[in-house]
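Q: Starting from the two chains in their separate frames, assemble the complex, guided by the hints.
Chains as they are written, first to last, in this note's numbering: chain A, 1 to 857; chain B, 1 to 107.
Some hints could be false.
Claimed, not checked - In silico lysine to aspartate or glutamate, EDC-like type, Cα no more than 20 angstroms apart, as pairs:
| # | chain 1 | residue 1 | chain 2 | residue 2 |
| --- | --- | --- | --- | --- |
| 1 | A | 38 | B | 30 |
| 2 | B | 50 | A | 30 |
| 3 | A | 127 | A | 322 |
| 4 | A | 38 | B | 27 |
Honestly, the hints are just simulated from the structure, not real lab data.
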Amino acid sequence: MTIREFRPPRWIWFILRWFADDEMLDSMEEDLEARCAKAAEKYGSLKARILCNLQGILLIVSFSIESFLWGITMFRNYIKVAFRHIKRRKIYSFINILGLTIGMACFILIGLWVKDELSFDRFHQKKDRIYRVLNRGQDGWAGFNITYALGPALKAEYPEVEEACRVCLWYGSHVKYQDKIYAERNIYLSDPSFFNIFSFPFIRGNPETALSDKYSIVLTEQMAQKYFGDEDAIGKVLHLALLKGDFTVTGIIENIPMNSHLRFDFIGRIEFLGEDRLARWEEWSGPNYVLLQPNVSPADFETKIAGIYKKNVSPEATYVPELQPLTQVHLYEPGRPGQARRVAMFSVIALFILLMACINFMNLATAQSSKRSKEVGMRKVIGALRRQIIRQFLGEAVLIALFALILALIAVEALLPYFNQFTGKALVLLSGASVPLFLTLLLVALGTGILAGSYPSLFLSAFQPVQTLKSQYSFRNKGGGIRKALIVIQFAISVGLIVCTLLVSSQLRFIQRRDLGLDRDHIVSAYVYPILNPRFQEFKNYLLAQQGILNVTSAAQFPFRVGENIQINWEGNPTGEMMSVDYTCVDYDFFRTFDMHIIQGRTFSREFATDEATSCIINEAAAQRMGLDNPIGTNIYMNHPAWPESFRPARVIGVVKDFHSRSLHTVIRPFVFRMYKPWHQYAFIKIDGSQIQQALAHIEEAYKTYSPGISFDYLFLDEVFDQQYTSERQLGELFNGFSLLSVIIACLGLFGLASYTTEQKTKEIGIRKVLGASIPGIVAMTAREFLKWILIANLLAWPIAYFVMSKWLEDFAYKVSIGPMIFLMSAGLTLIVAVLTVSYHSLKAALANPVDSLRYE
Amino acid sequence: MLSRIEEILLLAIWKLKDNAYGISVREQVESDTGVKWMSGAIYAPLNRLKKNGYVRTIQDKNSAKKGGRPRIYYQLTKLGKKKLATIQEVNQSIWMDVPDLKKEFKA
Numbered sequence: 001m002t003i004r005e006f007r008p009p010r011w012i013w014f015i016l017r018w019f020a021d022d023e024m025l026d027s028m029e030e031d032l033e034a035r036c037a038k039a040a041e042k043y044g045s046l047k048a049r050i051l052c053n054l055q056g057i058l059l060i061v062s063f064s065i066e067s068f069l070w071g072i073t074m075f076r077n078y079i080k081v082a083f084r085h086i087k088r089r090k091i092y093s094f095i096n097i098l099g100l101t102i103g104m105a106c107f108i109l110i111g112l113w114v115k116d117e118l119s120f121d122r123f124h125q126k127k128d129r130i131y132r133v134l135n136r137g138q139d140g141w142a143g144f145n146i147t148y149a150l151g152p153a154l155k156a157e158y159p160e161v162e163e164a165c166r167v168c169l170w171y172g173s174h175v176k177y178q179d180k181i182y183a184e185r186n187i188y189l190s191d192p193s194f195f196n197i198f199s200f201p202f203i204r205g206n207p208e209t210a211l212s213d214k215y216s217i218v219l220t221e222q223m224a225q226k227y228f229g230d231e232d233a234i235g236k237v238l239h240l241a242l243l244k245g246d247f248t249v250t251g252i253i254e255n256i257p258m259n260s261h262l263r264f265d266f267i268g269r270i271e272f273l274g275e276d277r278l279a280r281w282e283e284w285s286g287p288n289y290v291l292l293q294p295n296v297s298p299a300d301f302e303t304k305i306a307g308i309y310k311k312n313v314s315p316e317a318t319y320v321p322e323l324q325p326l327t328q329v330h331l332y333e334p335g336r337p338g339q340a341r342r343v344a345m346f347s348v349i350a351l352f353i354l355l356m357a358c359i360n361f362m363n364l365a366t367a368q369s370s371k372r373s374k375e376v377g378m379r380k381v382i383g384a385l386r387r388q389i390i391r392q393f394l395g396e397a398v399l400i401a402l403f404a405l406i407l408a409l410i411a412v413e414a415l416l417p418y419f420n421q422f423t424g425k426a427l428v429l430l431s432g433a434s435v436p437l438f439l440t441l442l443l444v445a446l447g448t449g450i451l452a453g454s455y456p457s458l459f460l461s462a463f464q465p466v467q468t469l470k471s472q473y474s475f476r477n478k479g480g481g482i483r484k485a486l487i488v489i490q491f492a493i494s495v496g497l498i499v500c501t502l503l504v505s506s507q508l509r510f511i512q513r514r515d516l517g518l519d520r521d522h523i524v525s526a527y528v529y530p531i532l533n534p535r536f537q538e539f540k541n542y543l544l545a546q547q548g549i550l551n552v553t554s555a556a557q558f559p560f561r562v563g564e565n566i567q568i569n570w571e572g573n574p575t576g577e578m579m580s581v582d583y584t585c586v587d588y589d590f591f592r593t594f595d596m597h598i599i600q601g602r603t604f605s606r607e608f609a610t611d612e613a614t615s616c617i618i619n620e621a622a623a624q625r626m627g628l629d630n631p632i633g634t635n636i637y638m639n640h641p642a643w644p645e646s647f648r649p650a651r652v653i654g655v656v657k658d659f660h661s662r663s664l665h666t667v668i669r670p671f672v673f674r675m676y677k678p679w680h681q682y683a684f685i686k687i688d689g690s691q692i693q694q695a696l697a698h699i700e701e702a703y704k705t706y707s708p709g710i711s712f713d714y715l716f717l718d719e720v721f722d723q724q725y726t727s728e729r730q731l732g733e734l735f736n737g738f739s740l741l742s743v744i745i746a747c748l749g750l751f752g753l754a755s756y757t758t759e760q761k762t763k764e765i766g767i768r769k770v771l772g773a774s775i776p777g778i779v780a781m782t783a784r785e786f787l788k789w790i791l792i793a794n795l796l797a798w799p800i801a802y803f804v805m806s807k808w809l810e811d812f813a814y815k816v817s818i819g820p821m822i823f824l825m826s827a828g829l830t831l832i833v834a835v836l837t838v839s840y841h842s843l844k845a846a847l848a849n850p851v852d853s854l855r856y857e
Numbered sequence: 001m002l003s004r005i006e007e008i009l010l011l012a013i014w015k016l017k018d019n020a021y022g023i024s025v026r027e028q029v030e031s032d033t034g035v036k037w038m039s040g041a042i043y044a045p046l047n048r049l050k051k052n053g054y055v056r057t058i059q060d061k062n063s064a065k066k067g068g069r070p071r072i073y074y075q076l077t078k079l080g081k082k083k084l085a086t087i088q089e090v091n092q093s094i095w096m097d098v099p100d101l102k103k104e105f106k107a
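One chain only, chain B, in its complex shape (with noise of 0.2 angstroms):
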């Protein structure tokens, strides 16, 4: 079962195309949801998600980063896309119907 952390990492590497790697990513989930993140929060999901095959690893040899080592870009396996699919259309059919809540509530 996907946490709500894994949810938003699926969407942001995948918003991130071919500039997904550590910093980056965390970066992105930190501009999505406004908030800071430890970095064990961002890379335990993160390490979940690989070994659950939702994501998967590149080493890109151009882009070395200053140690000399290869930089690790993360991508979405066929399977992460699916499953970002089904989630993007389960929370569809949630939310369809409703309105804008923050309206709503205030009436």
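Bound conformation, chain A alone (with noise of 0.2 angstroms):
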């Protein structure tokens, strides 16, 4: 037997290959074949086959324990080494995870936001065929209340669509079964394809045919729950009194998503509105929704019927239809702008708070370096390559950043329900945890890590090793440069949403504040249609009796949320072209009630018997558009063929002080007011501020007495107005706790930094003092450093909130000017923070003995 057959096993080869290169194979074989030879000489055939076999496998097992156990203490030195030096500086450690911390959680947050805010309306499966029809005007306004004519027309004349229906947000009405009475407000009217272009996923009943039947309704889970309990729903009856008809259920769907713009509890027909109003073209009515064909480009179909106006409206016509995909329904609603600005800005801002607390990691990281110096010299004497420093620093941020990310989860988490409760959502994180959740969040936890740990370990690394083990080295002036401008970034972060803040928070005092031209403080609303307006006088009077009832009246609307929209001609108009009014109806007292100032003419009034029917107010703005100095007496035709009273021309007898029947958002518009009493919905009682609940008491009286078996639900009108700003009252106290949380963040950098700053200059200052400087003039000189900066980033962030503000503010029609104050103030703020955080160092350094302070190092 030949030496040669004392061969090792040749499968270890396959293994190490993964180790290990063609050369170094080449190495171990020879080695492994010497060591087989020798066990050949030495011992009888099978135990030298044994061994050298057994050689073999060992050289694998050594080989790889070898491997794993380097690993292994490398990685164990890092994480030992991290976690000391955490321990060893508490303050900088607290202050960097605190950071990170806050940073992250509002990135969570603000991230579970505007996911949510892009993700509405996206549960529809059709929903990129799904368009919204606007109409778009030649001055670039729009509008997505169009003719009910439309839809059925595009369906009938175009093949390119699929489906379409008209969707009325009905105003409401009391719905009945048995016993129950309730005062439902959102019930939608539709057409039977409403369940084909949109996914509500159904409980009960067959989304195809739901609404196949005039007299079926199709109400949520939460409704059925409401009227039915246990019972099931479908073949119920429901009475609805505004339609004085009864209604099959033939469905019940879930309850509608938070994310969807479509929010009913009720859908039926819309065919109730009447035959005639759904088929003219001159008004504007409500949304119509298309499904388009699969592959039909929407900007082709936008040119294709780009003269649909001027062939059935009138030629001359200049408003275009326009799609909006549903998907953008939410983000860009006219009337309501800004949905998508607000998400960019809140996106921006979660991305600054998190950069800035990137920066106090890298500031705080770099200002330590003489005290890791060593560490690193030590590390490379011994053979640590660059780029292995470099992983381990960076590490150890990933590691300080997976560690806040656990703390901000856990913050989050706590939040969230004060954060739903506020912003209204239903936002969840944990509960509804899924993988790509989770690895977005480590995602950017390590982004985090590696973005904050990259300009200190490229930084750290590049020390020479010699030097730094030289005592006498100094880091004193080693990127500060990068330091300072890292610190003015942040403080100009920090400055332009102080800014942001200040002027958001101003512009909602000037709408609170605002001279609305009419009252809006303890009037007390209440539905009446249909059961008690026939009775409303008797009410009225029943109620006026009372204690702590001021006044009574009723109307079609409330004063500041008037939908109806009209077009008028009048006697003597010089061009003869309809000028285009808002318009209700309102019974006597009304203009008293609310405190509605008529500066021309008069009020209606009972001793004129022809105010009722022939009688309008019209206020300045109207007056004005109509060219009339003295408009009383003058006739206004409107002749709406949906509106009886319109048939009769109605004289001017006053004109009432403008006042701001929309949002501050819009211009006051010309409105016109009549009394046609059959239209009045709402009674508003203004009480008396200091009987609030007796007058409550006397109201509920009156109405169970006026109209029995009804529930008394009632509004208060300031809340009611207040509703219209909740987005912007929102904004404003978001900005108001983000940019405190990013002072905060930047203080706590400040403070590291200004504490390792007087540190470095401890022998200084001990110098200084000895030689007389007094404590104020050396609390100044180490103030005045950082005040610099703090100056400059106030420069750097002010043309930029300036302009991101001027931008925000074009939303409204009404708003305050952006004056100096905001910037100077701002700049106050920032610098008397600064000056409190630093000052705590330099005080400390200030008083300390200078002994003490020479001695040190």
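A: See below:
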């Protein structure tokens, strides 16, 4: 038997090939063969063969154990050093981790919010083919309340349209089932195709046929529960008071998700609006949705239908239909501008806050470089490569970022209920956890760690080992420039956010305090139509006799939430061109109740029997547009086929001072009031602010007497008014919160950096004190440098904040001007906070005994 | 960072000059340390040194080994030499002024 037969097992080379290259394998093979040969000389063939194989296996085992142990050792060493470092520099680590936690928590919160905003209406299966039709005017103005004749016309005339439906966001009605009566405000009317276009999941019933009968109605799970409890709702009959009809429940859908712009409790057929109203091209009634065939380009289709109004309305029609993708409806709602801008704004803020936390990390890590330079030097001496050091510091940053992520997740989970309550959303984090979410979060932590650790690791790993090990080596000025630049960026972000906060809140104050031309305090509104309406005068007389009731009136709409739009002409109109006005019907005492001033003529009065039928009151804007100095006595013609009262001309008997009938986003429009009582839907009752409870009790009593069996639901008018600005108020408060957080993060960074620089200056301060410097002088000296940066930050931030905020204010027709005060205030605020932050350390240093300071080091 | 065995390997390769190949390096390490080493414990760090650029390999075509393939020789690179010099410097400075500890601890 020759030596060659004692070869080590062949398969080990396949494994070792993973770790070593061919040359290394050759070396090992030679070595192993030599060992085998030795064994063969010494022992018998069997024992030698076993030994030889054993050697091969041992080679693999020892090779992999060695590699593994080495990896572990290094990794454990990194982690150990990182933790030692965290423990030793408690304040710095605290600042870093706290800053990163706040930053990440903000980022996650805003991220969830933005994700939800972007997810609106995306649950519909055909979302990519559904469009809402807007009317776009020549001057860029757009609206979604368009004619109900359009939808059916598009479906009938164009093969590109698979389905079309009209949706009426109806006023509401009392709904009755056996002895249960509730006032419902959230009833939609639509076409049978509604459920073919939109995918609201059905619990019971068939979406294809649910609305095929005129007297069918579909309701949400929640409503089914409210009216029918645990009974099966399908086939049950609901009575809708306003339509005076009985409706059979044909379907129950799941409760509407929060991220749907269509929100309804009940949905029935749109035919109840009246055939003539639905067929009229001249009227602007409500939204139309179309479902295009697959592969139809919306842009081509838009050009194809561009002339539809010229053909059907009049050749002079200047507006054209425009297709708005369903997924953009929420973000680009005409009349409620700025949602997309708001989403963008908050995304930027989230990134900024995270960036600030990263900057803190970079600053503190590089500022402390002298503390760690010896470690870097030592590692390099015993053979660390630069990339290993970079890896170590990056790893350390990622470790801290992961730690911060865990804390941030806990914080967000704890804060979410409040955040949801505040934003009116139903966001979830951990309970809605999915793999992509966690991957994203992990990526965020990793990204944050790498971003925060990149500069320090490059900076620290560049040290020359020999120099760092000599103790005299000074780092005082190393990286100082970049640190200063980073601090400036940080404060510029804070200043920008503060400016925005101040401006948003002053605009909100402006809205709150602006004289709207009508009083909205202590006015209770309640639904009257239709049971109470015929007996309204009795109801009113009864109430006026009670304590705490000051005035009672009724109207078709809330005076600042008027939806009706009508074209009018008037006697002596020089051009003959119709004018579009807002229009509503009111009762006697309306203007007195709302404290609206009649500046010309008189108000509606019982002394004039003709007032109810043929009188009207216009606002200043209308008088101005009509070009009349004294409009009293002028006849106005409306002729709206759906409104019986408009067949008779109305004579102007008074002019009311301008008031804001819409939100302050839009300018005051011409307005016409008439008295036609059958349209009245709401009672408005002015009560004495000092006896609210008694007054409410009286009203409820009156309700029970005059409309028995109907629950008394009321709203305070000022609350309804404030709802118009909910999103602005949320914006304001979120801005408050986030700018506060950004200032906190920036100050944490400043605090850390100030403590470091004063520490560096310990000796200098000692010497200055020995030479007779005063304490205020020393504090001023250390603070001066920081203040300079903060001033620079202010100068940088102002123009950017000015630009952003003037964009935001563009959405308001009535707005505050951006004065210098806001900028000076933000500068003052940042300076004060910075001085307080910095002076803690400088005072400590200045007060210290110079003997100790000089002994330091 | 270099581990102790990597340091010893660098030194062994330097000592062997032109005669540093797998077996000779292992034997040198064994005679330097006075212990037997498992092959993996030698070749894994050697592989690392090569990857990190402290050591390079040379194929000597003249001294073909038994299988017919050329034997692989190891040499220090410039970086390896520099590292070895630094290690010596640090070790000497660490041990400087330290008396013979065997005698010290006996006394």
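Q: Take the hints in turn and mark each one as holding or not.
A: These are the hints, each one checked on the structure:
no., hint, verdict
1, A:38 / B:30, "holds (17 angstroms)"
2, B:50 / A:30, "holds (18 angstroms)"
3, A:127 / A:322, "holds (17 angstroms)"
4, A:38 / B:27, "holds (14 angstroms)"
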